[in-house]
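Let's have the full structure, built from the sequences with the hints guiding it.
Chains as they are written, first to last, in full-length UniProt numbering: chain F, 1 to 430; chain E, 1 to 430.
No lab work stands behind these hints, which were simulated from the structure alone. Just so it is clear, the structure is predicted and the values come from calculations on it, not from any experiment. Some clues are possibly wrong.
Remember, identical chains collapse to one label, so a pair may be satisfied in a single copy or spanning two.
[Stated by the list, open to error] Simulated pairs of lysine to any residue, SDA-like, Cα-Cα distance not exceeding 20 Å: (1) K87 <-> E62; (2) K319 <-> F242; (3) K378 <-> N364; (4) K421 <-> N233; (5) K382 <-> D46; (6) K348 <-> F242; (7) K224 <-> T405; (8) K319 <-> A330; (9) K340 <-> L384; (10) K258 <-> L60.
2 protein chains.
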Amino acid sequence: MKSISIGLLGLGTVGCGVVKIVQNHQDKLMHQIGCPVEVKKALVLDVNKERGVDLARIVLTENPHDVISDSEIDIIVEVMGGIEETKKYLMEALSNGKHVVTANKDLMALYGPELLAKASANQCDLFYEASVAGGIPILRSLVDGLASDRITKMMGIVNGTTNFILTKMSKEQRSFLDVLKEAQDLGFAESDPAADVEGLDAARKMAILSTLGFSMDIHLNDVKVEGITKVSNEDIVYAKQFGYVMKLIGIAHRQGEKVEVSVQPTLLEEDHPLASVHDEYNAVYVYGEAVGETMFYGPGAGSLPTATAVVSDLVGVMKNMRLGVNGNSAVLPQFEKQLKSDEEIQAKYFIRILIEDSVGVMANITSIFASHGVSLEKILQKPLSSSQQAEIVLVTHGAVQKDFTCIIEELTNLHSIQSIKSYYRVEGEI
Amino acid sequence: MKSISIGLLGLGTVGCGVVKIVQNHQDKLMHQIGCPVEVKKALVLDVNKERGVDLARIVLTENPHDVISDSEIDIIVEVMGGIEETKKYLMEALSNGKHVVTANKDLMALYGPELLAKASANQCDLFYEASVAGGIPILRSLVDGLASDRITKMMGIVNGTTNFILTKMSKEQRSFLDVLKEAQDLGFAESDPAADVEGLDAARKMAILSTLGFSMDIHLNDVKVEGITKVSNEDIVYAKQFGYVMKLIGIAHRQGEKVEVSVQPTLLEEDHPLASVHDEYNAVYVYGEAVGETMFYGPGAGSLPTATAVVSDLVGVMKNMRLGVNGNSAVLPQFEKQLKSDEEIQAKYFIRILIEDSVGVMANITSIFASHGVSLEKILQKPLSSSQQAEIVLVTHGAVQKDFTCIIEELTNLHSIQSIKSYYRVEGEI
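Put into structure tokens, the structure is as follows:
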């Protein structure tokens with residue numbers, strides 16, 4: 001029986017996980033596909049490096065063309081990362097009629113549509129489940145499981161590093177920098193943590209999720225991004241008093257024909273399903289018109305979880321090969337992209353302000369909100385000991401983003417306000 | 001362009017949901033499938049009944065053969081319920097070359113393998129996502145999303161009625177019968193609630209889940225079942241003191257080649273992802289060797305959520321029709337069924353005992369545990385006011401089921417013990 005041959009681009013953490021799963025679960029794979037499957041070659045930076053997996057039957061090479069032009073290789077698994085160079089390899093592999101499975105969110109967020117079109121033109125499959133939320137089969141669930149529904153909202157905790165940091169900050173009342181350091185020591189955060197803590201990694205995943213969920217070509221640049229570097233412990237403590245939990249949330253919301261996609265530190269109602277997603281776990285909450293609320297939870301990263309998603313995609317490709325129907329899975333976007341303007345985005349906000357504790361301040365503040373038609377849901381005023389100052393925490397009802405921006409500007413100019421300490425979006429109601 | 005025709009068996013809550021989704025989401029369906037789809041006929045008990053959906057283009061009939069023998073109908077959607085008669089119709093429909101989508105857990109738990117074999121023999125698809133956990137795409141996730149992994153444990157809150165009742169009992173400290181009554185008034189529980197509260201409904205779903213997850217032909221009779229009718233409010237209150245939440249949990253556990261499948265009221269560690277699944281929601285927690293912990297959460301019942309799963313299955317069938325590859329999706333069980341004996345099942349237990357408060361009782365009790373090699377993790381003794389009695393609550397470390405049964409028997413015979421009030425399995429550690 002002819003076996004199916006796989007070529008790996010990259011043999012790091014995820015690549016080694018793929019090798020392990022293909023070796024350890026060979027029986028299950030063979031039962032499903034009907035023939036053996038083997039990793040034939042792997043592109044590496046250094047063929048002599050020790051990797052802790054059995055590489056006896058795998059040819060290692062430092063030349064990408066040894067892999068992407070090998071006529072015996074059926075499927076390319078791309079787990080090397082990188083963007084421009086990697087794209088070139090994959091376009092070439094697809095031209096060579098090879099199916100592709102990738103875990104590369106950076107690449108898919110930027111060049112997904114182009115790569116998918118290339119795959120389609122060459123009757124090849126291009127699957128990328130592992131690019132979003134590691135081991136959670138969320139892309140399939142959007143495309144197949146909820147195929148009949150109209151998805152109107154997705155909220156995702158799609159970055160494990162920031163969720164780990166915020167969980168620790170909340171539970172142990174420690175500062176951002178302090179916990180970041182620990183996360184780096186534990187290997188949960190990169191030595192250059194910018195892509196994680198500035199929200200870019202989450203934004204890439206939200207671009208991919210919203211493209212699929214809304215059937216619209218959402219680009220990374222369409223995603224508004226704000227990271228967690230300014231989140232303070234006081235914010236978390238005050239939020240808790242109001243029944244909120246601080247999370248870095250990717251929000252994709254469709255109303256009528258228009259959508260918004262953003263990533264920002266967000267205060268979630270504590271009984272929302274996402275509020276109990278702790279540590280480095282990921283979860284994607286999906287609201288569909290017919291199905292209502294669903295949530296998909298699991299590990300967002302890590303060698304074996306991510307490799308599970310890659311190999312499950314491989315199974316998909318191989319089943320299609322058996323049936324001779326590769327290259328038919330991708331559904332092109334159904335709708336023109338229409339992004340909401342600042343006048344169309346509506347949200348609740350939490351604001352923390354430091355004031356001089358004098359007559360009429362609260363009246364001044366609340367009248368600014370009122371003049372923009374924004375009403376307040378919760379108010380807390382607390383004198384600060386040993387000073388003439390007080391802190392005010394407010395939670396608005398739904399406010400148009402443009403109005404809210406004006407309110408912040410006017411508050412900043414108010415004499416009796418010392419400073420606006422912070423403000424966050426509030427989510428959790430449907 | 002030729003449209004695809006659907007015949008409905010049954011036009012109750014779910015059937016009407018299917019009609020609504022097919023009508024309302026016609027654009028999305030057409031975009032995915034490439035041709036229109038319409039419900040052509042529906043089998044009903046009474047053609048004159050008012051149903052609140054647009055039936056203008058649907059032929060209603062009281063004769064099943066009008067539907068299953070109609071040569072223009074491509075796909076049969078079975079949402080009528082029932083077992084023997086329904087099976088006959090579906091076998092006939094499959095013989096007629098019609099694909100089948102069903103939401104019928106009773107049928108699939110009993111005759112799934114037989115129906116799937118029939119479908120396969122006739123090159124037909126038979127999909128049944130809606131039979132487990134309503135709107136949650138859990139069957140697909142097991143079969144496709146986690147295709148490459150070896151699943152070792154599944155725990156499910158797969159019955160909305162009992163989860164609603166236990167949530168209310170916990171939050172409002174009310175009795176089982178009191179909350180059951182309310183659930184019946186609200187329409188969350190049937191007037192004959194036995195199948196739900198005795199655990200049978202959950203057992204059916206666990207048979208289906210474990211058959212797929214373990215690739216083994218698990219029959220309903222293989223599932224040990226215990227319902228929630230004996231759960232008392234005191235149990236819930238004591239459990240809470242120990243950090244546990246009471247849930248009706250379906251447990252499917254594989255160790256080596258052997259499996260156990262059961263449904264019982266279970267005490268979950270309060271930080272377990274399933275512990276925060278409240279009200280009528282369902283969730284399935286899946287542990288895979290490679291992926292680790294995942295959880296799938298959503299509505300377990302209801303007209304539109306269940307219909308979403310049905311119509312998503314329809315999309316799957318129709319995509320296969322377009323590609324000409326129907327009848328290839330079902331993977332036959334890979335393994336011979338091997339059930340664990342009572343000597344192979346291990347679990348932690350919570351036990352609540354009423355004793356005479358006299359010298360040496362605790363020593364007697366603990367020595368019974370010790371003599372069976374079972375050690376204790378937590379102990380609480382509490383005097384009861386106005387009597388010479390005390391309550392003891394114990395939590396064991398892992399105990400072999402057979403030993404635990406002996407322990408309960410010996411405790412029952414101990415003079416100083418007034419009664420064993422209750423005992424429950426404890427879960428939540430991996």
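Against the structure, the hints:
Taking CA atoms no more than 20 Å apart as the test, K87 paired with E62 passes inside one copy only; the shortest distance there is 17 Å, against 59 Å between copies. Proximity of K319 to F242 under the C-alpha cut-off of 20 Å is found in neither arrangement, the shortest distances being 51 Å within a copy and 48 Å between copies. In the homo-oligomer, the alpha carbons of K378 and N364 lie at most 20 Å apart inside one protomer (17 Å), although the nearest pairing across protomers, at 57 Å, exceeds that limit. In this homomeric assembly, K421 and N233 come within 20 Å of each other (Cα to Cα) only inside a single copy, at 12 Å, whereas the closest approach across copies is 46 Å.
Taking the closest pair of Cα atoms, K382 and D46 never come within 20 Å of each other, the shortest separation being 60 Å inside a single copy and 66 Å across copies. In the homo-oligomer, the alpha carbons of K348 and F242 lie at most 20 Å apart inside one protomer (13 Å), although the nearest pairing across protomers, at 37 Å, exceeds that limit. For the homomeric pair K224 and T405, the shortest alpha-carbon distance inside one copy (15 Å) is at most 20 Å, but the shortest distance between copies (59 Å) is not. For the identical chains of this complex, K319 and A330 are neighbours both inside a copy (15 Å) and across copies (12 Å), given an alpha-carbon limit of 20 Å.
Within a single copy, K340 and L384 get their C-alpha atoms no closer than 40 Å, and across copies no closer than 64 Å, so neither meets the 20 Å cut-off. Proximity of K258 and L60 under a CA criterion of 20 Å is satisfied in neither setting, with 48 Å inside one chain copy and 39 Å between copies.
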